[in-house]
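Chemist: Line by line, the protein sequences give chains Z and V.
Mind the numbering: the first sequence is residues 1 to 329 in the working numbering, read in order.
Mind the numbering: the second sequence is residues 1 to 188 in the working numbering, read in order.
Since the hints were made in silico from the structure, they are not lab data.
Nothing false has been slipped in among the hints.
The calculated DSSO-like cross-link candidates involving lysine-lysine, where the alpha carbons are at most 30 Å apart (straight line), are:
#1 Lys163(V) to Lys242(Z)
#2 Lys140(V) to Lys24(Z)
#3 Lys28(V) to Lys196(Z)
#4 Lys242(Z) to Lys166(V)
#5 Lys72(V) to Lys190(Z)
#6 Lys28(V) to Lys24(Z)
#7 Lys24(Z) to Lys124(V)
#8 Lys28(V) to Lys214(Z)
#9 Lys124(V) to Lys8(Z)
#10 Lys8(Z) to Lys28(V)
#11 Lys72(V) to Lys8(Z)
#12 Lys178(V) to Lys24(Z)
#13 Lys163(V) to Lys8(Z)
#14 Lys8(Z) to Lys181(V)
#15 Lys28(V) to Lys190(Z)
#16 Lys163(V) to Lys303(Z)
#17 Lys176(V) to Lys8(Z)
#18 Lys303(Z) to Lys315(Z)
#19 Lys28(V) to Lys202(Z)
#20 Lys167(Z) to Lys196(Z)
#21 Lys140(V) to Lys196(Z)
#22 Lys8(Z) to Lys140(V)
#23 Lys163(V) to Lys196(Z)
#24 Lys196(Z) to Lys67(V)
#25 Lys72(V) to Lys196(Z)
#26 Lys92(Z) to Lys28(V)
#27 Lys178(V) to Lys8(Z)
#28 Lys166(V) to Lys8(Z)
#29 Lys163(V) to Lys24(Z)
#30 Lys72(V) to Lys202(Z)
#31 Lys92(Z) to Lys167(Z)
#32 Lys24(Z) to Lys176(V)
#33 Lys163(V) to Lys258(Z)
#34 Lys181(V) to Lys24(Z)
#35 Lys166(V) to Lys303(Z)
#36 Lys24(Z) to Lys67(V)
#37 Lys24(Z) to Lys72(V)
#38 Lys242(Z) to Lys258(Z)
#39 Lys202(Z) to Lys67(V)
#40 Lys166(V) to Lys24(Z)
Every value quoted in this text rests on a predicted model; they were computed, and no experiment measured them.
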Amino acid sequence: MNGLDLSKALTDIDLRYVEETDEKINGTMSGNAERNKARRRFLRPALLAACLVVLLAGTVVAGAKALKDSHFLEMLGIKDSSKDLEKAVITKDLTAKVGDMTVTVENIIVDKHIIYAEISTDYALDKPDGWITGETGGHLEISGEAGNVLDEHSYPGYMQGVSRFCKDGKQWYWYVIEYMDENVDLGHAKMQLTVKDTENHKVVFEWDNNYASKSEVIPVNREVDGVTILDIRFSLTEMVIKAESDREAYGVTLDYIKLDDGTVLYYSENNGVPVHNSGDGTGHNGHMVRRAFYTLLSGFAEKDSNEWQFVPYEKIVSVSINGTEIPIR
Amino acid sequence: MKEGFPNDNQILELFCNGSESALEAVSKKYGAAMLRLAKSILSDEQDAEECVNDAYLSAWQAVPAAKPSNLKAYLLQSVRNAALERLRSSRAKKRGGGVAVSSFEELEECIPDSRREEPGDNEKLRLQLESFLAGLSAEKRAIFLGRFWFSYSVTEIAWKTGKSEKYISNQLYNLKRKLRKHLDRKEG
Numbered sequence: 001m002n003g004l005d006l007s008k009a010l011t012d013i014d015l016r017y018v019e020e021t022d023e024k025i026n027g028t029m030s031g032n033a034e035r036n037k038a039r040r041r042f043l044r045p046a047l048l049a050a051c052l053v054v055l056l057a058g059t060v061v062a063g064a065k066a067l068k069d070s071h072f073l074e075m076l077g078i079k080d081s082s083k084d085l086e087k088a089v090i091t092k093d094l095t096a097k098v099g100d101m102t103v104t105v106e107n108i109i110v111d112k113h114i115i116y117a118e119i120s121t122d123y124a125l126d127k128p129d130g131w132i133t134g135e136t137g138g139h140l141e142i143s144g145e146a147g148n149v150l151d152e153h154s155y156p157g158y159m160q161g162v163s164r165f166c167k168d169g170k171q172w173y174w175y176v177i178e179y180m181d182e183n184v185d186l187g188h189a190k191m192q193l194t195v196k197d198t199e200n201h202k203v204v205f206e207w208d209n210n211y212a213s214k215s216e217v218i219p220v221n222r223e224v225d226g227v228t229i230l231d232i233r234f235s236l237t238e239m240v241i242k243a244e245s246d247r248e249a250y251g252v253t254l255d256y257i258k259l260d261d262g263t264v265l266y267y268s269e270n271n272g273v274p275v276h277n278s279g280d281g282t283g284h285n286g287h288m289v290r291r292a293f294y295t296l297l298s299g300f301a302e303k304d305s306n307e308w309q310f311v312p313y314e315k316i317v318s319v320s321i322n323g324t325e326i327p328i329r
Numbered sequence: 001m002k003e004g005f006p007n008d009n010q011i012l013e014l015f016c017n018g019s020e021s022a023l024e025a026v027s028k029k030y031g032a033a034m035l036r037l038a039k040s041i042l043s044d045e046q047d048a049e050e051c052v053n054d055a056y057l058s059a060w061q062a063v064p065a066a067k068p069s070n071l072k073a074y075l076l077q078s079v080r081n082a083a084l085e086r087l088r089s090s091r092a093k094k095r096g097g098g099v100a101v102s103s104f105e106e107l108e109e110c111i112p113d114s115r116r117e118e119p120g121d122n123e124k125l126r127l128q129l130e131s132f133l134a135g136l137s138a139e140k141r142a143i144f145l146g147r148f149w150f151s152y153s154v155t156e157i158a159w160k161t162g163k164s165e166k167y168i169s170n171q172l173y174n175l176k177r178k179l180r181k182h183l184d185r186k187e188g
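Here chain V stands alone, though its shape is the one from the complex (with noise of 0.2 Å):
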């Protein structure tokens, strides 16, 4: 393995066979956009911090048996899980808070009124929201997720895609009032 560049295939090998250096290759991999996942959603550093140590925890019981075809999202994502379970547990707590909240609260208010107390129910949303995800294209998709998945402000993408402000804030703005009227036709 070269210094700085562990490849995907040899690392899942290095979990598959218990190798603890797996933990210290993907944390050299991908540790440093982890991190910057988990404090885009959580204002405490320490809190962010250990989220990532329990998505490499998550990732050493789950990966031999997941075998996630790429590496990346799979950790990006068990990062994210593990944010918001503890963004949630410190709401409760009354303390706390951070950039993110502003773009889960965003996307809270896509959910149409005829919803707002329906019973959770994870799987159906989730296919609702891939039908809504499926129907836009590769720009608007990356433009929406990168706002409410990866939680990056108005201003970072932007900036990432070469577009103004202005235009992103639009298309924000329009994709959100889209998926408000997507859920709540799924609804009717």
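Chain Z extracted, bound-state conformation (with noise of 0.2 Å):
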């Protein structure tokens, strides 16, 4: 090892800088859209979700053609909910005063890995109702976290963004929180949100989900393209891929999905052209397991189509990747 130790120097430095990373890369905290803006795509399906939920507020067994006539959906274009869906979203209603301003939340829908919740406030805003995208603000600061679901052999690693958006004239935030751990539960987690406002006046709300999450693996060992997909893991709102290979860069390309009535959808922001999705990796000695995630709430579309859909994990009879179409069922 060199005279000069960069690696022991910058383990002695200030730690207001980790402390500051810590919070930067495991988002720890966040006030508004628009501080979360390099999250965009983690947050769509929150924004999504949200739709839904403004929905089924006080009427969770709303049906899908209710839903269907509102303008959230209409602005983002979702096609449709599902019954699973709406069991998913459970009404909590636990107020509380933040300074001046009255706090509540509403509506939370609960994932295995991922919660959304839905939180109003009293504050007035001069702004037609819709998301408030593009501009830094907002009021509070929300963070949130589970208390009971990571024990010493779980990756602590979990990621929480919020949106904003105005509702009859008031402030509302969309929150969501994932944990990277794919052995956590979140359906009986004992959850813990932090709602703090400028000057630091902070409230605390807390409850236990009780909610049996579904959730499903399926083994795939099949090599594609020298990567080998090792399965693939569905829960309520998301697809994750796992695969591994020999290279370190590799990628793990989702070029469509099939349902069982035969429609194919594509998963992009731009119908038809594949995404690459981003996602985690562990790799050793040039060997790396690679993970990409994609939302089942709002991520997939038929091409050329901008109506966004909730897709029922069971429908998905086959998935396309790098090029290679596997059955699953």
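Assembling the complex is the task here: the two chains are given apart, and the hints tell you how they should meet.
Modeler: Here it is, written out as structure tokens:
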């Protein structure tokens, strides 16, 4: 090792830098949509799920037909819902004062690794109804944590983000947190959501999830273009393709999925263009296991269509990866 | 103390009172993050677990006097120190080595040729690194430290920040060049 030991010197740097990086990389705080611009792909399901929840507030059993009448759905182009999705929406109605503002956790959607929460405030906005994008602002910082889902063997990483929207002249927030450990099940997690205003008034909302999360792991073990697709993991709102290769630099490109009625759906913000989705990976000595994440809530649409769909995973019969269609059912 | 969410001030109080519950609380709250960091530096799981235990012991001895303002960062620093020591020892014994070795080697490449033979001066180097970091934007600092302090892979940083892997790789390439120049300039 060199006389100058950069790694050692780096270890001893001012801990404020470490704290800052931990917050930025692990996403522990976020105050507004602008700050989370970089996570737009991740927030997309949150935005779209919010549409569903707004409509479902107070009418959890509302049918898909009613959902389709929503201007939120119209605005974002989501095509359909499902009974499973509706069952996962849980009304919380937890209210507290944060400084002068009344804040209410209205509804949550519980998925195996992801929690979405819809939060209303009485803060007045002079804006039309709809998502607030492309501007800084927001008056609350929202962060969350699940208290009893990690053990010493768990991968502790999680991501979270917040988007704002205006409803009936009031500011609302849509919050999402996703845990990265594939064994985590948030269905019965002890949840904590901390809401702070700009003057550091703080309220901590707590609740216990009580939801039988649904998920399925389909083993694949098939080599495609020098990459072994190990398995495909499904939960209510997400599909995760797990692959491995002896190359550290390789891609998992999802071309399309096929449903049991023959419908072909593409995952892309520009329909028909395959998306090499970012994921995570663990590598060792040139060997890399990689996971690529795709939302089932809003990421898929038919070719040349702008109607994004919620896709119940049981309907997916084949998945095309790196140019090869793989039947999974 | 609520199950699952120990408060840092309460934990510090437990340390100061010599209560062993402090270690239980720290383990519950930060144990997983500490183990992840140790595992990312060391390939051997048992070594990683021992590092975390070393960090607990160190915290038990040092926290009451140090009273760190950020307990998590303090504990992670302790783990990183312990893991680096162990890595050096295992390299010396020609065994082991992990994912993080490549990130350390990458970092060593930033030492200018003119300083290769220079005797170690950790404090001077630390100050130079801090002045380098202070000149970066918060995003670039997070990318740099995510890779070289937390030992995240490029893929992990890309996922966690919502950027593409190519973007992160390019940023790291530029940051390494910048650091090399910074260290060269400081020396000159």
